[in-house]
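When you get a sec, could you build the whole thing from the sequences and use the hints?
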Amino acid sequence: MGLFGESYYFFRRAFKKLLRNPIVLLFSLIQPIIFLLIFTQLFDGLANLPNWRQITGVTTYLAFAAPGLVLMNAFSSALQSGVTMVDDIQSGFLDKVLVTPVRRSSILLGRMMADAVRILIQSVILLSLAMLLGATLNNGIVGVLTILGIIAFFGLAWAGISHSIGLRTKNQQAVFSAGFLLTFPLMFMSTMMMPDSFMKDWIREVSKYNPISFAVNAIRSLMILSFADWQPTNWTSLEQSILVIGGLAALSLSSAALAFKKVVE
Amino acid sequence: MPALHVENLVKVYPDGTKAVNDISFSVEDGEFFGFLGPNGAGKSTTIKIVTTLLKKTSGKAIVAGHDLDREPQSIRRVIGVQAQETGVDEDLTGRENLELMGQLYGVTGDRLEERVNGLLKLVGLEAEASKRAGYYSGGMKKRLDLASALVHTPQILFLDEPTTGLDPQSRAAIWNYLKDLNKKEKVTIFLTTQYMEEADRLCDRIAIVDQGKIVSSGTPNQLKTEIGADVITITMPEAELVEHPERREEAMKILEVVPRITSVSVFENGISVYVRNGGSVVPEVVRALDNAKINVGSISLSSPSLDDVFLKHTGHRIRPEELKKPSRGMMFMRRRRR
Numbered sequence: 001m002g003l004f005g006e007s008y009y010f011f012r013r014a015f016k017k018l019l020r021n022p023i024v025l026l027f028s029l030i031q032p033i034i035f036l037l038i039f040t041q042l043f044d045g046l047a048n049l050p051n052w053r054q055i056t057g058v059t060t061y062l063a064f065a066a067p068g069l070v071l072m073n074a075f076s077s078a079l080q081s082g083v084t085m086v087d088d089i090q091s092g093f094l095d096k097v098l099v100t101p102v103r104r105s106s107i108l109l110g111r112m113m114a115d116a117v118r119i120l121i122q123s124v125i126l127l128s129l130a131m132l133l134g135a136t137l138n139n140g141i142v143g144v145l146t147i148l149g150i151i152a153f154f155g156l157a158w159a160g161i162s163h164s165i166g167l168r169t170k171n172q173q174a175v176f177s178a179g180f181l182l183t184f185p186l187m188f189m190s191t192m193m194m195p196d197s198f199m200k201d202w203i204r205e206v207s208k209y210n211p212i213s214f215a216v217n218a219i220r221s222l223m224i225l226s227f228a229d230w231q232p233t234n235w236t237s238l239e240q241s242i243l244v245i246g247g248l249a250a251l252s253l254s255s256a257a258l259a260f261k262k263v264v265e
Numbered sequence: 001m002p003a004l005h006v007e008n009l010v011k012v013y014p015d016g017t018k019a020v021n022d023i024s025f026s027v028e029d030g031e032f033f034g035f036l037g038p039n040g041a042g043k044s045t046t047i048k049i050v051t052t053l054l055k056k057t058s059g060k061a062i063v064a065g066h067d068l069d070r071e072p073q074s075i076r077r078v079i080g081v082q083a084q085e086t087g088v089d090e091d092l093t094g095r096e097n098l099e100l101m102g103q104l105y106g107v108t109g110d111r112l113e114e115r116v117n118g119l120l121k122l123v124g125l126e127a128e129a130s131k132r133a134g135y136y137s138g139g140m141k142k143r144l145d146l147a148s149a150l151v152h153t154p155q156i157l158f159l160d161e162p163t164t165g166l167d168p169q170s171r172a173a174i175w176n177y178l179k180d181l182n183k184k185e186k187v188t189i190f191l192t193t194q195y196m197e198e199a200d201r202l203c204d205r206i207a208i209v210d211q212g213k214i215v216s217s218g219t220p221n222q223l224k225t226e227i228g229a230d231v232i233t234i235t236m237p238e239a240e241l242v243e244h245p246e247r248r249e250e251a252m253k254i255l256e257v258v259p260r261i262t263s264v265s266v267f268e269n270g271i272s273v274y275v276r277n278g279g280s281v282v283p284e285v286v287r288a289l290d291n292a293k294i295n296v297g298s299i300s301l302s303s304p305s306l307d308d309v310f311l312k313h314t315g316h317r318i319r320p321e322e323l324k325k326p327s328r329g330m331m332f333m334r335r336r337r338r
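The listed protein sequences correspond, in order, to chains A and B. First residue of the first sequence? That's 1 in my numbering, and the numbers climb one at a time after it. First residue of the second sequence? That's 1 in my numbering, and the numbers climb one at a time after it.
Be aware that one or more of the hints could be misleading.
[Said to hold, decoys possible] Below, a list of computed lysine-lysine pairs in the DSSO-like style, where the Cα atoms sit at most 27 Å apart: (1) B/K121 / A/K16; (2) B/K18 / A/K262; (3) A/K16 / A/K261; (4) B/K55 / A/K17; (5) A/K262 / B/K55.
[Stated by the list, open to error] Listed next, the stretches of chain A that the computed footprint assigns to chain B, with coverage defined by at least 3 CB atoms under 8 Å from CB atoms of chain B: (6) 12-20; (7) 89-95; (8) 98-112.
Note that these hints are calculated values from the structure, not bench results. Quick caveat, the model's predicted, so the values are computed rather than measured. For glycine and all other residues, C-beta sits at the position ideal for the given N, C-alpha and C.
Structure, rendered in structure tokens:
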């Protein structure tokens, strides 16, 4: 049995567990849905600012915020995945698996595959909802696939972070608190909710280096502007965001793999 | 060749705890071997080491002919392990749990199907096979866990306290499966337990462990006869023990010179006396204590149990802990706080 065959067993298990706990699925969708339905209406008036259209390229706040809100599902999904890993350690399931001859790496790989697929499915749901509510999606299937790819890798980067915390602390609360404390401020110090020209100088500085901004900016360009209208700056921003997110994913997943290796040995 | 051979095994945890302190033993092929000892004796640590879950500090172990250091993967293929925590996945059904474990061992297709059905029957979970394990009782989970340790037909089965916390019926049911496995299917079994009765009933041979060491080993009968034919247990009034703790040692000295008494040892509430032909010695014991004006709470006479064996070698009794042990997460937190 190859590595992928073995990983598939863990992938399938993770998916079965998810489908049997619909509340968990709902939990990671509910926040972005509330934001899409309510938050965007709360800030509706922003679009009346004289230079809103110039700054954002769209006519409603919803169209501006949707790209970031679609990304939002990646955060809670990733945190939940780290918590599940802690559950497996505490319940003794991991030990049960570790006495079998299965490859150690397949345990983590199968889980990551499940996280990525889950985030993809959720993102499709959220994208559809955003479209229904009036968000734009101007680049056809290529645009959608690129967006989904960015979100999936972003989700893996975050799953790596939550696993790193979970495997080192072996504590569910720690994963949730640390994940939340890291994620929430970073979300507000990014271009997820506001254009950077609206921000205080120091937040703009943070936002410039914030991986969330990189992801959101790329998704936003892909949704709002058709490729024909892309400027060189848009292409650079896409390249940069792929590099940053890919790099972050590589880093956090390596950290998770190291922590996993320590637990397993 | 023995199924399991352990030599000078030592495990020191990072916090300095010496959980296993130079343990050596061998389990013969087809034998039912038990580690009997209280919590914290080093039983689980030993099992975790020989089943490749935990790194040893030093020593040597050969499992089913494979060296632990060099061939852990070969060991994993031929052993089955039931840990103390029932690691069943509560979101999966009983059948799915068994199938998953089988697949991880490389058992697939019809062979898996057949094996899973057989095991469900063996542990009496056929009717509940398609229910999620989360709905199972503690005893059912243990049975499922046992079945999943057998899914790849292992040569050696390691069981870490398989019946701790179970009701008497579930315990008896598991004892029956284990006996059958060992006698009919010739599976070598290494079991740890805090229960005298369990070790006595199931094991061909027992090692008594306490504080990381094997204090005595042999067949249950050997161990029991080793300490003499009978045990007279004398308890002393609590108030007396608190006010005059030296009285217990005094009593011990008096009894040691009584004829036919093979040995005397003290425990928390009194004294144990090991004698041949105990019934006729009781009056002499009473007289001797009375002459010395030592207050006696109660006197009882019994055939020796493994508990007495344990007491004799360690100076304390095994107190089985029925409460669920803290999960590893909590243990981690405790360690941090220290």
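Now for the hints, and whether the structure bears them out:
A C-alpha spacing of about 25 Å is found between B/K121 and A/K16, which places the hinted pair at or below 27 Å, so the restraint holds. Between B/K18 and A/K262 the alpha-carbon distance is near 21 Å, which keeps this suggested pair within the 27 Å criterion. With a CA separation close to 25 Å, the supplied pair A/K16 and A/K261 stays within the 27 Å bound. Proximity of B/K55 to A/K17 is assessed by CA-CA distance (about 31 Å); at most 27 Å being required, the pair is judged violated.
Of the pairs offered as hints, the one joining A/K262 and B/K55 holds, with about 11 Å between alpha carbons and a cut-off of 27 Å not exceeded. For the stretch 12-20 of chain A, the assignment as covered by chain B holds, since 4 residues bring a beta-carbon within under 8 Å of that chain's beta-carbons and 3 suffice. Residues of the stretch 89-95 of chain A with a Cβ under 8 Å from some Cβ of chain B number 7, which satisfies the need for three, so the listed coverage holds. With a cut-off of 8 Å between beta carbons, the stretch 98-112 of chain A has 5 residues touching chain B; three or more are needed, and the interface restraint holds.
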